[in-house]
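Colleague: Residue-level listing of the chains:
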Amino acid sequence: MSGPLIAFYVVGATAILASLGVVLVRNVVHAALMLLIALLAVAGIFLLVFAEFLALTQVLIYGGAVTVVTLFAIMLTRTTELRVRLDNRQRPVAAVAAIVVFSLLTATFLASDIPTRATPASVADAASPATSSGFEALGTVLFTQWAIPFEVVSLVLLVALVGAVIFARDA
Amino acid sequence: MLELTHLQVLSAALFSIGIYGVLARRSAVLVLISIELMLNAVNVNLIGLAAFVDRPPETRVFGQVLAVFVITISAAELGLAFAIILRLFRNRGSVNVDDIGELKW
Chain A
0 MSGPLIAFYV VGATAILASL GVVLVRNVVH AALMLLIALL AVAGIFLLVF
50 AEFLALTQVL IYGGAVTVVT LFAIMLTRTT ELRVRLDNRQ RPVAAVAAIV
100 VFSLLTATFL ASDIPTRATP ASVADAASPA TSSGFEALGT VLFTQWAIPF
150 EVVSLVLLVA LVGAVIFARD A
Chain B
0 MLELTHLQVL SAALFSIGIY GVLARRSAVL VLISIELMLN AVNVNLIGLA
50 AFVDRPPETR VFGQVLAVFV ITISAAELGL AFAIILRLFR NRGSVNVDDI
100 GELKW
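Protein sequence lines, in the order shown, are assigned to chains A and B. Start counting the first sequence at 0; every next residue gets the next number (numbering that gives the first Met the number 0). Start counting the second sequence at 0; every next residue gets the next number (numbering that gives the first Met the number 0).
What the hints contain is simulated information worked out from the structure, not anything from laboratory work. Even glycine gets a Cβ: it sits at the ideal position worked out from N, Cα and C. Hints are supplied without guarantee of correctness; some may be wrong.
With beta-carbon atoms standing in for the labels, derived distance ranges [what the hints assert, rightly or not]:
no.	chain 1	residue 1	chain 2	residue 2	range
1	A	R116	B	I99	42 to 50 Å
2	B	W104	A	R88	16 to 24 Å
3	B	W104	A	R168	31 to 39 Å
4	B	M0	A	R77	46 to 54 Å
5	B	W104	A	A117	50 to 58 Å
6	B	P55	A	R88	49 to 57 Å
A few chain B residues that don't get close to chain A, going by computed Cβ distances all over 10 Å [unchecked claim]:
no.	residue
7	I99
8	G100
9	K103
10	W104
Chain A with its partners taken away, still in its complex shape (with noise of 0.2 Å):
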């Protein structure tokens, strides 16, 4: 077993039974920090396959921002009622549902015949190895080919955070 796999066995493990945890604890401030492993491990997974600039980005939006943000609401919707029941009763439902689910989406990839390499590769140019970074790729194809609509999702971001201030001030 290669180096990469085993690291990916590791880290997959902790996501997904991080990801368990957050559906599954009875606490709601214990499901928002597995949250923050869960994200950290799916950062991790990024590292695995070439792609920094996600995995940097990811630790800086879902493992810094989003835990805080989640955080703050569930401190600030805190009820009096302490041992509030966390689950509804469709539970039975919903486990089949994400069962079905799973083995759907198992099922399309394993029958998929996407031409794929055998080892990740970084997106970086491959002609200049010492000059290149994926870093570099990714901003050189975000701010050319992708411009307008990277400028059409900060505009997104504006407005969702201005009616985010709407809302949540004092009318």
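Following the hints, complete the assembly by docking chain B onto the known chain A.
Modeller: Below, chain B without anything else, positioned relative to chain A:
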């Protein structure tokens, strides 16, 4: 060897766990956390394809570009959704999604 299938099965597992969370949890905050898990599963899939598909690098990088957009949209969605949850809590004193059924037919 690490293959695309490994990443895709992991992505499918994270996505189904997220679906379970969305359907089974009662607190709106926990439902949102589960949605974040599902968005991350999609990102794992996109990044896996970007690394493994047998295409030149300038084509494969599109997978990472899409992942950047997914992260941005999920950040926007999270900010807006938490603002709505806060407003909901202020108006009703609870964020239990089972109690919010006014628009249910």
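Colleague: Does each hint fit the structure? Answer for all of them.
Modeller: We went through each hint and held it up to the structure:
no. : hint                           : in the structure
1   : A:R116 with B:I99: 42 to 50 Å  : 48 Å, holds
2   : B:W104 with A:R88: 16 to 24 Å  : 20 Å, holds
3   : B:W104 with A:R168: 31 to 39 Å : 32 Å, holds
4   : B:M0 with A:R77: 46 to 54 Å    : 48 Å, holds
5   : B:W104 with A:A117: 50 to 58 Å : 53 Å, holds
6   : B:P55 with A:R88: 49 to 57 Å   : 52 Å, holds
7   : I99                            : 12 Å, holds
8   : G100                           : 12 Å, holds
9   : K103                           : 14 Å, holds
10  : W104                           : 18 Å, holds
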